[in-house]
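Taking this note's numbering, the leading residue of the sequence shown gets 1, the next gets one more, and so forth.
If you are wondering where the hints come from, they were derived from the structure by calculation, not from laboratory data.
Built from N, CA and C at the ideal position, the CB exists for glycine as well.
It cannot be assumed that every hint is accurate.
Claimed, not checked - Taking lysine to any residue and the SDA-like style, the derived pairs with C-alpha atoms no more than 20 Å apart in a straight line are:
| # | residue 1 | residue 2 |
| --- | --- | --- |
| 1 | 46 | 16 |
| 2 | 4 | 18 |
| 3 | 46 | 60 |
| 4 | 46 | 88 |
| 5 | 46 | 69 |
| 6 | 4 | 74 |
| 7 | 46 | 9 |
Claimed, not checked - The following label-pair restraints were derived from C-beta to C-beta distances:
| # | residue 1 | residue 2 | range |
| --- | --- | --- | --- |
| 8 | 71 | 98 | 29 to 35 Å |
| 9 | 89 | 46 | 17 to 23 Å |
| 10 | 71 | 23 | 14 to 20 Å |
| 11 | 74 | 41 | 16 to 22 Å |
| 12 | 89 | 42 | 19 to 25 Å |
| 13 | 49 | 23 | 24 to 30 Å |
| 14 | 45 | 103 | 17 to 23 Å |
| 15 | 49 | 91 | 29 to 35 Å |
| 16 | 40 | 7 | 29 to 35 Å |
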Amino acid sequence: MIIKIALVSDAEALIALKQAAGRGLAGRFGAYRLEPSITSLAAIRKQFQDHIFLKAVVEGDAIVGSIHLHVRGDVPYIGGLIVHPEYLDQGIGEQLMLEAEALFKMGQQLDAPISHYEEQGYRKTTFVYKRLIRFH
């Protein structure tokens, strides 16, 4: 598995990944508890204007994970951490987070409600997970 910067041409594959992850969550937690949040192709392409998307790829360039980053004001944000259900518990989410943190090398705020953030030392504040990252 390697992590690369995603391109606009990856938008359809990113939507397919999000759909697969949504089905995985629905199976794990019950579909009745999940609200649909699949982004349209036009919406995800628009996000590429001010977001950086990272993708985790395996053999054959299949995208099995992604995360996106952007800056609002002087605050960097990381969100949208997704890992394909067949690739969970293999460290892909952690590697995506580490790569995203390395790109910013400063404090950041996270906006996706995933328990994985707590496992990485983030704490919940209101509806957001955040942690100050210090680099020497």
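Here is how each hint holds up against the structure:
no., hint, result
1, 46 to 16, "holds (17 Å)"
2, 4 to 18, "holds (17 Å)"
3, 46 to 60, "violated (27 Å)"
4, 46 to 88, "violated (28 Å)"
5, 46 to 69, "holds (14 Å)"
6, 4 to 74, "violated (24 Å)"
7, 46 to 9, "holds (12 Å)"
8, 71 to 98: 29 to 35 Å, "violated (19 Å)"
9, 89 to 46: 17 to 23 Å, "violated (32 Å)"
10, 71 to 23: 14 to 20 Å, "violated (32 Å)"
11, 74 to 41: 16 to 22 Å, "violated (31 Å)"
12, 89 to 42: 19 to 25 Å, "violated (33 Å)"
13, 49 to 23: 24 to 30 Å, "holds (28 Å)"
14, 45 to 103: 17 to 23 Å, "holds (21 Å)"
15, 49 to 91: 29 to 35 Å, "holds (31 Å)"
16, 40 to 7: 29 to 35 Å, "violated (18 Å)"
Of the numbered hints stated above, those contradicted by the structure are hints 3, 4, 6, 8, 9, 10, 11, 12 and 16, listed in ascending order.
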